[in-house]
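Participant: Sequence:
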Amino acid sequence: MLTIATSNMKFITFKRLAIYLITFFVLLGLSLTLTSFWKQWDASLYGTLYIDADAYERNLSDQIVVVNIEKSDLDSKDASLKQFRDKIIAFLNTVNTHRGNNENPKAILLDISFSKDTVQLQALKEAVQQLTSKNEKVYAVYSLKDYFDKLPIFQSNDAGQARVLYDSVFTGGRLHSGFIAHDNLITYPSDIYLQTGFRDSVQIESIIKRVSLDRQGSKINPEFEQLVSPLGPIEAMQKQTYNFEIPEGNSMEGSFSPKLNIDDKFILLGDLKNDYQEDIETPRTYFMAWALNEKLVDQKMVKQPMNNLAIIIGQTLFFSFFTVLVFSLLFKYITPLKTKPKTLAVLAFVISLIFFVLYGMLIYTFDRIIPIGLTLLGMLIAVLLTWRFAYKFLVTGVAEGAEKYDVFISYSHGNSAWVKQNVYEPLKTFKKENGESLDIFFDEKSIGVGEAFTSKYMWGIVDSKVFIPVISEEYYGKNHCKNEMDLAYKRSVEKLLKILPIAFSYNCVPQIYTHINFLDITVNPKFMEAIKESLLK
1 MLTIATSNMK FITFKRLAIY LITFFVLLGL SLTLTSFWKQ WDASLYGTLY IDADAYERNL
61 SDQIVVVNIE KSDLDSKDAS LKQFRDKIIA FLNTVNTHRG NNENPKAILL DISFSKDTVQ
121 LQALKEAVQQ LTSKNEKVYA VYSLKDYFDK LPIFQSNDAG QARVLYDSVF TGGRLHSGFI
181 AHDNLITYPS DIYLQTGFRD SVQIESIIKR VSLDRQGSKI NPEFEQLVSP LGPIEAMQKQ
241 TYNFEIPEGN SMEGSFSPKL NIDDKFILLG DLKNDYQEDI ETPRTYFMAW ALNEKLVDQK
301 MVKQPMNNLA IIIGQTLFFS FFTVLVFSLL FKYITPLKTK PKTLAVLAFV ISLIFFVLYG
361 MLIYTFDRII PIGLTLLGML IAVLLTWRFA YKFLVTGVAE GAEKYDVFIS YSHGNSAWVK
421 QNVYEPLKTF KKENGESLDI FFDEKSIGVG EAFTSKYMWG IVDSKVFIPV ISEEYYGKNH
481 CKNEMDLAYK RSVEKLLKIL PIAFSYNCVP QIYTHINFLD ITVNPKFMEA IKESLLK
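Be aware that the sequence shown starts at 1, since it is given in full-length UniProt numbering, and climbs by one per residue.
It should be emphasised that the hints constitute simulated quantities derived from the structure, not laboratory data.
There's no promise every hint is true.
[Said to hold, decoys possible] Ranges of calculated distance between the beta carbons of each label pair, as one might list FRET restraints: (1) 317 - 456: 35 to 43 angstroms; (2) 536 - 26: 49 to 57 angstroms; (3) 26 - 76: 52 to 60 angstroms; (4) 317 - 135: 16 to 24 angstroms; (5) 235 - 159: 39 to 47 angstroms; (6) 195 - 402: 54 to 62 angstroms; (7) 75 - 155: 28 to 36 angstroms; (8) 193 - 317: 21 to 29 angstroms; (9) 191 - 83: 33 to 41 angstroms; (10) 235 - 279: 16 to 24 angstroms; (11) 318 - 135: 44 to 52 angstroms; (12) 75 - 263: 21 to 29 angstroms.
Think of the CB as a built atom: it goes at the ideal place given N, C-alpha and C, for glycine as much as any other residue.
With these hints in hand, go ahead and build the complete structure from the sequences.
Facilitator: Here you go:
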């Protein structure tokens, strides 16, 4: 039975390899869905290495101004909405008046979405049109509440919006402000796609992308990108923030406090009090301001990461399999580590990580940043599976060992005194042809307190040249002794180890091993002389 099992070992190994390969792809596929997990690694490393925090305030363009307009919480929802829209209309009218004084803004960005409520909707439309008719660009945020509530259907999302404004009044139409902030970093997609009921999609551009395209044209990539911008200190942006105030009465205009010259400015209007992100204590309109600033300034504060999914997956697969290759080469050529798969796994990961860093440095010279999260996760999965495969491979007994030990003595602890006196002690004093003593694996001497007993003796057998089992009546009935003998036999069949059995009598030898030549101490009392003679061959 053991012979048959050994002849099928290669088939079993290839089968196990296929299982591990499938497991890798399944785990990697699951990792792809855990974007919030591995993208945190990207954001953390990116924020640590690639952002110059000291440059935030220094590189903040004076063309960026933020205007605060607060929505009051009145008793009636309609009353609150009317008052808020009246303020927006007054703001637009005020900008129009400033234009008459030769103050021409670059663009107006309303960090406010507009629902289909008809309250002051017509007046709002007219206020926007009086600016756009004079070639002023007025952009506004389009609400994607349904999308972020995991309902990415355009018709559903659009039903509650002020279509009359987004269809033909606002510059750029429907634009999103889907910013995600992590400490001092902002990420956002250049485009969000909403599915329609006709098996196609509607593209919702980022408001920053649209403003940049209108301003810089071909200098901006029109294709999809996952964009990155710095999030500077709130104090820096507060210095460029103004309040819009409306005097008492029915005036349809107001003023800026402190006084503001809007010429050549990008004016961002938002409700800084109510549209506020608590966890980082920053108004969300500031996210838009910093993202726009990064597009405006010549000296960029961040480098954009590679975000092509095909490239990221390709990079992940390459370095995952590279990690496996490094492990395999170490396993094959560094003999002392053959039976230390954990050490090999750590070394393989570290070496692969070094090459990954070098690759990242190379890409950095092209002003791009590599995302690391998914690739590191893939490398980690690969090295863990490779370690597990190597461990199982070693357990089969067919792996080449380090030949650390000249002799491995296997025995039942019930016979320990006899074995120590009649086998271990004679071998301890025996000299090899070069005059050196034998390196002997003897559990009393070779396995320390607290060490994993089973693993230790299995690696000991794999690392031994000769296996000497002392077979007594109780020997093969002991689990550890049986495991040792079976493993050693597999290795002997593969010509990786020599077995020199010593038996207390013929009847002690297990039936499946009676075909092996053994030394019966009742027949050959000078059995150790025969053992020593064999060791010299």
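Participant: None of the hints should be skipped; say for each whether it holds.
Facilitator: A quick look at each hint next to the structure:
| no. | hint | in the structure |
| --- | --- | --- |
| 1 | 317 - 456: 35 to 43 angstroms | 36 angstroms, holds |
| 2 | 536 - 26: 49 to 57 angstroms | 53 angstroms, holds |
| 3 | 26 - 76: 52 to 60 angstroms | 56 angstroms, holds |
| 4 | 317 - 135: 16 to 24 angstroms | 50 angstroms, violated |
| 5 | 235 - 159: 39 to 47 angstroms | 41 angstroms, holds |
| 6 | 195 - 402: 54 to 62 angstroms | 59 angstroms, holds |
| 7 | 75 - 155: 28 to 36 angstroms | 34 angstroms, holds |
| 8 | 193 - 317: 21 to 29 angstroms | 26 angstroms, holds |
| 9 | 191 - 83: 33 to 41 angstroms | 34 angstroms, holds |
| 10 | 235 - 279: 16 to 24 angstroms | 18 angstroms, holds |
| 11 | 318 - 135: 44 to 52 angstroms | 50 angstroms, holds |
| 12 | 75 - 263: 21 to 29 angstroms | 40 angstroms, violated |
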